[in-house]
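Student: Sequence positions in the sequence shown follow full-length UniProt numbering and run 1 to 437.
If you're looking for bench data, these hints aren't it; they were derived computationally from the structure.
The model shown is predicted, which means the values in this text are computed figures rather than measured ones.
Just to be clear, a hint being listed does not mean it is correct.
What the hints assert, rightly or not - Computed cross-link-like contacts, DMTMM-like style, restricted to lysine to aspartate or glutamate with a CA-CA straight-line distance of at most 20 Å:
no. : residue 1 : residue 2
1   : Lys52     : Asp98
2   : Lys52     : Glu113
3   : Lys383    : Glu69
4   : Lys52     : Glu105
Stated by the list, open to error - If you anchor each label on the Cβ, the simulated ranges turn out as follows:
no. : residue 1 : residue 2 : range
5   : Glu377    : Glu192    : 43 to 49 Å
6   : Asn195    : Ser348    : 30 to 36 Å
7   : Gly322    : Glu365    : 17 to 23 Å
8   : Glu66     : Gly296    : 42 to 48 Å
All C-beta atoms in this analysis are idealised placements derived from N, C-alpha and C, irrespective of residue type, glycine included.
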Amino acid sequence: MGPIRGINIGGVFLIEPFIRPSLFDQFNTSTVAELPVDEWTFSATLGKEEAKRQLEDHWDTFVTREHLEAMAEYGINWIRIPIGYWAFNLTAEEPFVDGQIPYVERLLGWAQEIGLKVELDLHGAPGSQNGYDNSGHRTSPQWLYTRINVDRTLDALRQMTELAIEWSDVVYGIQILNEPSRWKWPVSQILEFYNEAYDLMRSMTNDVYFMVHDTFLGPNDWGTLVSANWTDALMDTHIYQMFDNYIITLNETAHIDMVATMAENVTRFDKTSIGVVVGEFSAATHDCTRYINGFGRGSRWDGTLEGVDHPLCPLSNCSCTGDYGGNYTQFSSSYRGFLQRYVDAQLSIYDKELAGWFYWNFRTEGAPEWDYLLGVEQGWFPKFPRTAVPMIADKGESDEPDESVVDRVSRAPPAARGSCGTALALAVAALAAALTT
1 MGPIRGINIG
11 GVFLIEPFIR
21 PSLFDQFNTS
31 TVAELPVDEW
41 TFSATLGKEE
51 AKRQLEDHWD
61 TFVTREHLEA
71 MAEYGINWIR
81 IPIGYWAFNL
91 TAEEPFVDGQ
101 IPYVERLLGW
111 AQEIGLKVEL
121 DLHGAPGSQN
131 GYDNSGHRTS
141 PQWLYTRINV
151 DRTLDALRQM
161 TELAIEWSDV
171 VYGIQILNEP
181 SRWKWPVSQI
191 LEFYNEAYDL
201 MRSMTNDVYF
211 MVHDTFLGPN
221 DWGTLVSANW
231 TDALMDTHIY
241 QMFDNYIITL
251 NETAHIDMVA
261 TMAENVTRFD
271 KTSIGVVVGE
281 FSAATHDCTR
291 YINGFGRGSR
301 WDGTLEGVDH
311 PLCPLSNCSC
321 TGDYGGNYTQ
331 FSSSYRGFLQ
341 RYVDAQLSIY
351 DKELAGWFYW
361 NFRTEGAPEW
371 DYLLGVEQGW
381 FPKFPRTAVP
391 MIADKGESDE
401 PDESVVDRVS
411 RAPPAARGSC
421 GTALALAVAA
431 LAAALTT
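Use the sequences and the hints to build the structure in full.
Tutor: Below you can see the structure in the form of structure tokens.
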């Protein structure tokens, strides 16, 4: 019946500066001591009342029913909804605001009516699981340092699972945590959390896929993140080619060639263990996009990122303008052609060899290579034939999962990444192989 063809609804219920920079640009002329860089500091700077006023307007307007209708018309059959833990479990001491769930449920209702399946994604954990702004708090990660943080994460997952059960005819998967950092905690400790989360979810329902992130490990090591007793589980990996100081130096042809090289071990894992979903990827091969490395940070491409002492782009002119300036009306026909070829190269593998994919993101303000709806409109992202998305009518009577995913996923017990982490691990493996041939 075909793979997951999904789009991330990112930057809505957990704001990110590069997705909607206008939320953060308001501070550029302010007199605050420190500029906000994430949702934590955004809310702390504004105060709860004003933060909630602005965020409620954002939740209400940034994603619409029309966006979902367009996605379905273009052949998309799933959406992934990132949500921070504070939507479920917020303490008075934290600056975050809650109130997201009614808007999440409105989105679920639209998806139900339109015929889209949903993955709920816990995108931020207490203490931050990776220290990135996409966790809600750009800081030194503290997540697994206290049992309280783990328990609060599990409580958020419990409530997320309850939401999935309530919307069982539309929610088909739960990602238990986005991008936990293996650089901060041993993989064994992360696996311990994964197993706790699995036991919790399966004590409540067998009717949603249990989805785990690869913690930025390369696919040859993914077996260390999987337990043999898991059922209906999927590995989530994020494949980007712009967050690494080596990969960003590649020319257009090499970027396209790198797609197949990076995917080789991923497809092997998909065929021999649990299925693999590329939960995030984009059309970007540069990091000129405003705030893509974080609010107030520069880029590797032009050498303005802290720690990079010279431009790393493969061109003689490394200016973040023209094709790399964030204004798609200034894109050359040559660059538009590259974007189409690069997207097609990725989809030729993710769509045919794996359980499926989720593009990041559905829309942005001024980040064309990250904007799915714009990509379709401008022709560098393809449309797929619209087909009815099969729904399990008797979920309450059977534990059998949806065949549209099962026919892409090996259910056999496993033998025995992630943004730049997966890209780097795969690139290093590819480079080593090349040097030995």
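Student: Against this structure, judge whether each hint is valid.
Tutor: Okay, the hints, checked on the actual structure:
1. Lys52 / Asp98: holds (8 Å)
2. Lys52 / Glu113: violated (28 Å)
3. Lys383 / Glu69: holds (13 Å)
4. Lys52 / Glu105: holds (18 Å)
5. Glu377 / Glu192: 43 to 49 Å: Distance hint for Glu377, Glu192 holds at roughly 45 Å.
6. Asn195 / Ser348: 30 to 36 Å: This hint holds: roughly 35 Å between Cβ atoms.
7. Gly322 / Glu365: 17 to 23 Å: Holds - the Cβ-Cβ distance for Gly322 and Glu365, about 19 Å, lies within 17 to 23 Å.
8. Glu66 / Gly296: 42 to 48 Å: Given a distance of about 33 Å, which is not inside 42 to 48 Å, the answer is violated.
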